[in-house]
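Chemist: As a plain string of letters, each chain reads:
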Amino acid sequence: MADRPLKVLIAKPGLDGHDRGAKVVAHALRDAGCEVIYTGLKRGVEEIVQEAIQEDADVIGLSILSGAHLTLCQKLLDRLRAAEAEIPVVVGGTIPATDAEALLAMGVQHVFPTGTHLPEIVAYFRGLAPAETGGRP
Amino acid sequence: MSAKAPQLRDAVLLDGIPIKPVYTPEDQAGFDYARKLGNPGEYPFTRGIHPSMYRARVWTMRQYVGFGTPSETNARFKYLMAHGQDALNVAFDLPTQLGLDSADPRAEGEVGRVGMAVDSLADMEEAFDGIPLDRVSVSLTINSMAAIIQAMYLVVAERQGVAWDRIVTTPQNDILKEFIARGTWVYPVEPSLRLVADLAEFCAREAPRVNPISVCGYHIREAGCTPAQEMAYGLAIVAAYIERLLARGLDIDAFAPRLSFNFTCWGRLFEEIAKFRAGRRLYARMLRERFGARDPRSMMLRTLIGGGGSGFTVEEPENNLIRGAYYALAAALAGAQTMALPTYDEAYTIPSPKAQLLALRTMQICAEETGVTDTADPLAGSYFVEALTDAMEAKILEELAGLERLGGIVEAVKSGAIQAEVARQAYLFEQKLLSGEYPKVGVNRHVAPEAERQARPDLELYAFDPKAARAQVAKLERLRRERDHAAVARALARLRDEARGAANLLPAILEAVRAYATLGEMAGALGEVFGEHKEPLVF
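Heads up: the protein sequence lines correspond to chains A and B, in order. All residue numbers for the first sequence refer to this note's numbering, where the first residue is 231 and numbers rise by one. All residue numbers for the second sequence refer to this note's numbering, where the first residue is -15 and numbers rise by one.
Derived by calculation from the structure, the hints in this document are not laboratory data. From the three backbone atoms N, C-alpha and C, an ideal C-beta is built for every residue, glycine too. Treat the hints with care, as some may be off.
[Stated by the list, open to error] Which chain A residues face chain B? A few, computed with CB under 10 Å, are given here:
#1 Lys242
#2 Asp261
#3 Gly263
#4 His340
#5 Pro343
#6 Gly345
#7 Tyr354
[Said to hold, decoys possible] Subject to a maximum C-alpha distance of 20 Å in a straight line, what follows is the list of computed EDC-like cross-link-like pairs (lysine to aspartate or glutamate):
#8 Lys305/A with Glu92/B
#9 Lys305/A with Asp88/B
#10 Lys518/B with Glu281/A
#11 Lys424/B with Glu350/A
#12 Lys518/B with Glu276/A
#13 Lys416/B with Asp261/A
#14 Lys416/B with Glu350/A
#15 Lys451/B with Asp329/A
[As the list claims (entries may be wrong)] Looking from chain A toward chain B, a few residues come up when the C-beta cut is under 8 Å (computed):
#16 Asp249
#17 Gly270
#18 Pro360
All chains should be built: construct the whole structure from the sequences, respecting the hints.
Modeler: So this is what it looks like as structure tokens:
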């Protein structure tokens, strides 16, 4: 398979309607050459997992500003495991440092708390290799 | 000349307006005081809506409050009232804002998280227990569920023996900005607009001191738009609601005096002040010339000015206290009727009591120590401020014309064109922050050394208690067992029926509220008829 751009699913799980951060990150990743799918607001974790599998996403980026990140991430990771989908999950939002540690322990790949600069996020995604392609050049 | 002219840095506002190093009488050539300004309290209200502004009465100070359960919220209200806050602003949790009961699986992890959980009238009775509703003014931050929550408040008043014409509330009830920015929409655009108008119409007829719509440019700005867009979108949104209320046969002067606004004021001090002065002038003209208002009160842009959390930073959070003081100054000089400030810790946590109190003290110091309240519109006549007010007016008109090209605000919301523009502006702003073009101390100027940045700030984090959510669910289950099931079923059937027709839904909602139908049941009954909004996915 030829080298292809990283495919990123940006999702807003739960009920939180603040999508400025999700859209800014989606925009920046698209400008950086990624293929970006944005799910829109209020998506159930099951829907997000299904969409990630169907779209063959290389990574799921969750944006959560409501404080419900521990509950939502645990549910999403459980669903991914149940579906035997090995898609890394990264999370951004209003996430206190102690919760970030808990999220990483849970199996989240990376946490970007509020205030993370955009280039840092873009650089992180660029460092991820698209699946089944033998890596990036 | 022997000396070289100094190199001046650029000064351009977020809306692209360049600022000159100095303004002179030439910038005011042909200035017509009566047409452009008028005295404070006089058309077109550029200088403010009251003749003596804060000399007569200082702005209302209204912090945004909401804690997990109705009883916690009740206790916090009483605390704030004891510290001199004269109005309350209620935050609801997300399930409540979206019409989900606390026991709904979709609500898991969110019950009581960002505000108070309300499942039925019983919760509102508890939240306002011991708070005389004829003596407080309460702002309800609720939109798609505004008609239901306001109906609950009316029934609480009824049971306290307070007549509906004595109560003062401000349900936010601005669904268009939810579609654009804040995201707590439920139903498609048209039935959502019907609910906004149903509540506003009902209040105009039955509870005339209720301010039935608070149009929020605030959240759209928080989502990324520019100051001129914030004002333009606010004006376009209010016009859309006014058109719907006029179509119901209401007289403009029967409801327009109770319309109000919510805008932010973070950023460049004078750009913000000019935005409000221009906005008042444009609103007055729109109401008089386009909508035929005759009562001057209909032409007054009354607004809450809230600091604007997006001006605050995660970096060195104590700096936000200083920013908050400038935002309070901007809001005062801009002529706010009500003021609210974000708390310095809000990027980290639900505000601590200390942070809430500091925000309140910031406003009190501004009001009582600085002298800014001594005279109305102290900046009037400034060569700079008047020129900038004119420039902002032109920008706002330009944005309004742009909306018309998109088919008007309602069409632009349905197509997602306006959401895309706001997202584009958010991205542009992010780039300005990164490049340093937009200065932020601690972010792109005077950045602390790495080690200091890594240190966790000393903040009191709100400890969310999952027990409270479980107690809320248990309370809901008890209610479901104990209420009159036949009355609930009858009321919900009526609500469904009336949703299919065109009559005002408030009487049916009130019946369901009195029968202790749950919020989720009422919202679900409406959803069966209205369906769900499909979000245009643009970024």
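Chemist: Evaluate each hint against the coordinates.
Modeler: Structure-based check of all given hints:
{"no.": "1", "hint": "Lys242", "verdict": "holds, 8 Å"}
{"no.": "2", "hint": "Asp261", "verdict": "holds, 9 Å"}
{"no.": "3", "hint": "Gly263", "verdict": "violated, 16 Å"}
{"no.": "4", "hint": "His340", "verdict": "violated, 17 Å"}
{"no.": "5", "hint": "Pro343", "verdict": "holds, 7 Å"}
{"no.": "6", "hint": "Gly345", "verdict": "holds, 3 Å"}
{"no.": "7", "hint": "Tyr354", "verdict": "violated, 16 Å"}
{"no.": "8", "hint": "Lys305/A with Glu92/B", "verdict": "holds, 10 Å"}
{"no.": "9", "hint": "Lys305/A with Asp88/B", "verdict": "holds, 16 Å"}
{"no.": "10", "hint": "Lys518/B with Glu281/A", "verdict": "holds, 17 Å"}
{"no.": "11", "hint": "Lys424/B with Glu350/A", "verdict": "holds, 18 Å"}
{"no.": "12", "hint": "Lys518/B with Glu276/A", "verdict": "holds, 18 Å"}
{"no.": "13", "hint": "Lys416/B with Asp261/A", "verdict": "holds, 16 Å"}
{"no.": "14", "hint": "Lys416/B with Glu350/A", "verdict": "holds, 16 Å"}
{"no.": "15", "hint": "Lys451/B with Asp329/A", "verdict": "holds, 19 Å"}
{"no.": "16", "hint": "Asp249", "verdict": "holds, 6 Å"}
{"no.": "17", "hint": "Gly270", "verdict": "holds, 4 Å"}
{"no.": "18", "hint": "Pro360", "verdict": "violated, 21 Å"}
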